[in-house]
Amino acid sequence: MRLSDSLRYARDAASGTPLRTGLLMLSMAIGVAAVVVLTALGDGARRYVVGEFSAIGSNLVIVLPGRSETRGFNPANLITSTPRDLTVEDAAALLRIPGVEKVTPIVIGTTEINAGGKLRESMLVGTNADFIKVRHLKLALGRFLTRDDLGHGSAEVVLGALIREELFGTENPLGKTVRIGGRRLRVVGVLTEGGQGMGMTTDELLIIPVATAQAMFNTNTLFRILIEAHSREQIGDVKARVLKLITQRHEGEEDVTVITQDAVLQTFDKILSVLTLGVAGIAAVSLAVAGILVMNVMLVSVTQRTAEIGLLKALGATAATIRNTFLLEAGLLSLLGAFAGIALGHLGAAILRHFYPAFPAYPPNWAVLAGLGTALAAGLIFGVMPARRAARLDAVQALSRR
Amino acid sequence: MSLIELSGIERTFLLGDSEVHALRSINLSITPGEYVAVMGPSGSGKSTLLNLLGLLDRPDAGTYHLEDRDVTTLTPDEQARVRSERIGFVFQSFHLVPRLTAAANVELPLMLAGIVPAERTKRVSQALKDYGLTDRAHHRPEQLSGGQRQRVAIARATVMHPAVILADEPTGNLDRATGEDVVTLLEGLNAQGVTLIVVTHDQTLGARARRQLVMEDGAIARDSGKG
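Protein chains in written order, with the working numbering: chain A, 1 to 402; chain C, 1 to 227.
Since the hints were made in silico from the structure, they are not lab data. Treat each hint with caution, since some may be false.
[Stated by the list, open to error] Derived contacts from chain A toward chain C, CB cut-off under 7 Å, selection only: (1) R2; (2) A10; (3) D12; (4) E308; (5) A314; (6) L315; (7) G316; (8) A395.
The C-beta atom is built at its ideal place from N, Cα and C for all residues, glycine as well.
Using the sequences provided together with the hints, build the complete structure.
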């Protein structure tokens, strides 16, 4: 029997019992749609998180004071256990490392801002002119901090959007003087609304030069140093060099932790990918259930078409022909059901995206293909037994059935 | 030369724990172009003999030569090929596939034999024309009368140009007039040289054949051909 004929025969046989065929395809479709929608959710979550992190700046290397890892017992730990502080000088030295594009020291504290009789508590960041580029922030008004290579600390401040609104309303704040922590500073710029990253909004931030902030808080230590590498490929090298330099500067003691944005990103990426895979696996169970239904339906079909099978044998069909016809029917139904399921799944994902536009719920291609493959495999595997039963039927007994 | 040569054929069935001897030491020779009626009471082994001749059943002992070839030793697939090319079946209950049209039912043996579609269409339309079914080609079996159904079945049995047609009670589900038509049709085929073997209860139908075999208890009780 020619393949095209087998296909047509299987199609006619399937469409001969529309309700049964329809239900079978529905069960396959639901299974595949579950895989598509759930992986769209999982992968959407991954994309969302990765996207959020990338917004901070993806070539970042971050230096924090103190070690978060242990390296076993070291006699040196007994003598000197207090970590040295990170200083502005450390940050300046880092700028000389090859592969480093920008270095931004950060001092953080809470303080009060007073303008025109209005008082507000706020988060204050002391940093340098490169901060705006490293953190991918945008200005709504004015300019950012000036370059301050000598570290004098000019008396200027950049306001977050919410602070500006609460203190000045619609009034133009540029050039106005505000009091922050007992010092008079001039407003030079305002950030745009909605800046995000590192778990805080920039809308409620005050940004002043690092030297000014250190003087205000009477300290010379830094909270963080943010380093932007030239390119993603250099991140690893830069990280190693930064650690080496700081260790040198701190009299041979490794008392800082250097983390990369990339590593954090990759970890999240990995965790969420595995999660997506797990969810896909759970959804695939429903495909196995659909496969059992295929077996059930095909067994009923064989029983109902016993006389037809006997006839085919009398007309010269070999056992293989009959087996292939039934197997083809099972495969065809599974495949059609799977295609319907993919359409259904895409529809479900589109509905999700419609209601949660920020959430990129796109089903990954591998999941769609895996769903299709699993459906076809389940249909064929569970179709084998009924098909073999059909092929083994005794022709004489089959023909005597009405 | 004989078309069919049976020697020492035995066939027993197990019904519960008792053995039923359906065929016992059958020796039979049929020459090409013969018209044979197999008669006898129910359970005498007529149908078993027909199934055996049609290679749907295997004997427990004895040999069956079809066109001088020992077909009892063939593999199931080889037997399927012999059925496809040399044997045509006509059944009492027609055995048409209900979801297929008359034309598609006639086309089935050609399709199973893997003949190219263009050739199939040609042979199917010729067969439908020969049996006066051209205007019924796209009707499904349920839309056809009993006589038309059996004509479709005969068209299907002959479309592969078999050497022998095996008919099991071909008029059993038909009234006398349509039965008469169908028998005339089969006899016409026989006149063209096709060997015709008919199993029947019907004495008048049996009497029309040139050779009568009467079976009793699985053995040939009388064979008019042996004179």
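If any of the earlier hints don't hold here, list their numbers in rising order. 2
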